[in-house]
Amino acid sequence: MMEFAFFPGCSIPSGFPQYERLLLRVLDRLGVSVRYLDGMTCCPAPMTFDIIDEDMFYLLGARNLSLAQEMGLDILSPCNGCTMTLSRVNKKLRTDENMRGRVNAVLKEVNREYKGSIGVRSLLRALYEDVTPDKIAQNVKTPLTGLKVAVHYGCHAYEELEDYCGLRKPRVLEKLCEALGAEIVEYDSQNECCLVFANPVDRDYSLESVHRKHMDLVRAKADCLVVICASCFSQYDSSQEILSWIDKIEESRQIPVFLYPELLALAIGIDQSEIGFEQHKVSPLELLARLGFR
Amino acid sequence: MNDYISDSETELRRGLQLYSRKKIYARLKRLKAADSPRNILFSFYSEILNRDSTGAIMEHFRNLTESILETGTAIPVPESQLASRRSLGLPQIRFDTDDVKILAKKKDPPRTD
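These protein sequences, in sequence, are chains H and G.
If you count by my numbering, then the first sequence holds residues 759 to 1052, one letter each, in order.
If you count by my numbering, then the second sequence holds residues 662 to 774, one letter each, in order.
It is possible that part of the hints are untrue.
[Unchecked claim] No farther apart than 20 Å at their CA atoms in a straight line, the calculated lysine to any residue pairs in the SDA-like style are these:
hint, chain 1, residue 1, chain 2, residue 2
1, G, K768, H, V1040
2, G, K768, H, K1006
3, G, K768, H, E812
4, G, K768, H, V790
5, G, K767, H, N869
6, H, K979, H, D960
7, G, K768, H, S824
8, G, K767, H, E871
9, G, K762, H, K1006
10, G, K767, H, K893
11, H, K893, H, V790
12, H, K866, G, K766
13, H, K866, G, L751
14, G, K762, G, A717
15, G, K768, H, Y963
16, G, K766, H, V790
17, G, K762, H, Y963
18, G, K762, H, D813
19, G, K768, H, G859
20, H, K866, G, A765
21, G, K767, H, G1034
22, G, K768, H, I1004
23, G, K766, H, G797
24, G, K767, H, E1008
25, G, K767, H, Y963
26, G, K768, H, K979
27, H, K906, H, V790
28, H, K1006, H, E941
[Stated by the list, open to error] These stretches of chain G come out as covered by chain H in the derived footprint (C-beta under 8 Å, 3 or more residues):
hint, stretch
29, 729-739
30, 744-756
Derived by calculation from the structure, the hints in this document are not laboratory data.
From the three backbone atoms N, C-alpha and C, an ideal C-beta is built for every residue, glycine too.
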């Protein structure tokens, strides 16, 4: 059994507790156990302290890393933003002695020290490198044969992907979907940010972006969109509902969105009623029924 | 660290080490210009910023930062969701709100104006 220190971030506990539960169950089924970090703070979230106060950015990140350090476990986070921040802090403090010294001088005030002894990985990377697509395929009980999947990594995922495998066009999520028996379809706006962060300030702009993506998915004849980030999920799922309200998308042409662990759960035999599909704004039930899931 | 010192000499004398709005915009524009997949995120941020004639998004980023100082997280986890987590049998979750304030105090806290 592999073990990780679990850093859930804030967006999943605040908005997706059912998904959080499903995630723990799926990881357990695949031989991954997790222990929650106690007393964590925000990672800190991208576009907060990183642009407002660099020292605080590294201090808060280092404090979180020191909690996992005490547990002697690498961090696993299901949030792409948290993974990006914690990896960035870890990389900087491992290589910049001056910054590490400054950070540790302040961390002393809360009886902590950053040592750089643990690593950070995203859920995507843990599934791909630690569990592996082969093992996932071995666990599949009902392959998703005939399901045409378009993938969306989310902007925060690219930094880690580029760092650990040098990929400019990753095929990681694609291979994980193929391990479930799904077929990948390519589309134009795959690398675009979902713009969920822009919702509070420029909803029209973010809706335009989702609409553009939706049209690309329709052209590519995708059955669904698969994401790995809960914020991206929320954006593409709920924005399609809004686009239907304002007559930009016909309700019958909405495209279901899945978090990858949901499809994984379905394929490895977790009962559909326990996955949480009823929480989706765009119901995937008709699509799933077409695949034989009822 | 010079990039993180605000423009105004007054602020420099007060020892604040914060980006001014002007520098945040400039930094994001530089990131947008860089040709690398890792900058996809910043390309979109800077596009938004370019359209953000009211400065609303800057306020949004600042509100998130203040939330971290107050509650320990950018997106607070409300009591209703904590209760929902409990009913689902999820492990208890505890965000620190003390250390973050001490750390912010020991180095200069972010400016909020």
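(message) Which constraints among the numbered hints does this structure fail? Numbers only, ascending.
(response) As far as the earlier hints go, 1, 2, 4, 6, 9, 10, 13, 14, 15, 16, 17, 21, 22, 24, 25, 26, 27 and 28 are violated by this structure, in ascending order.
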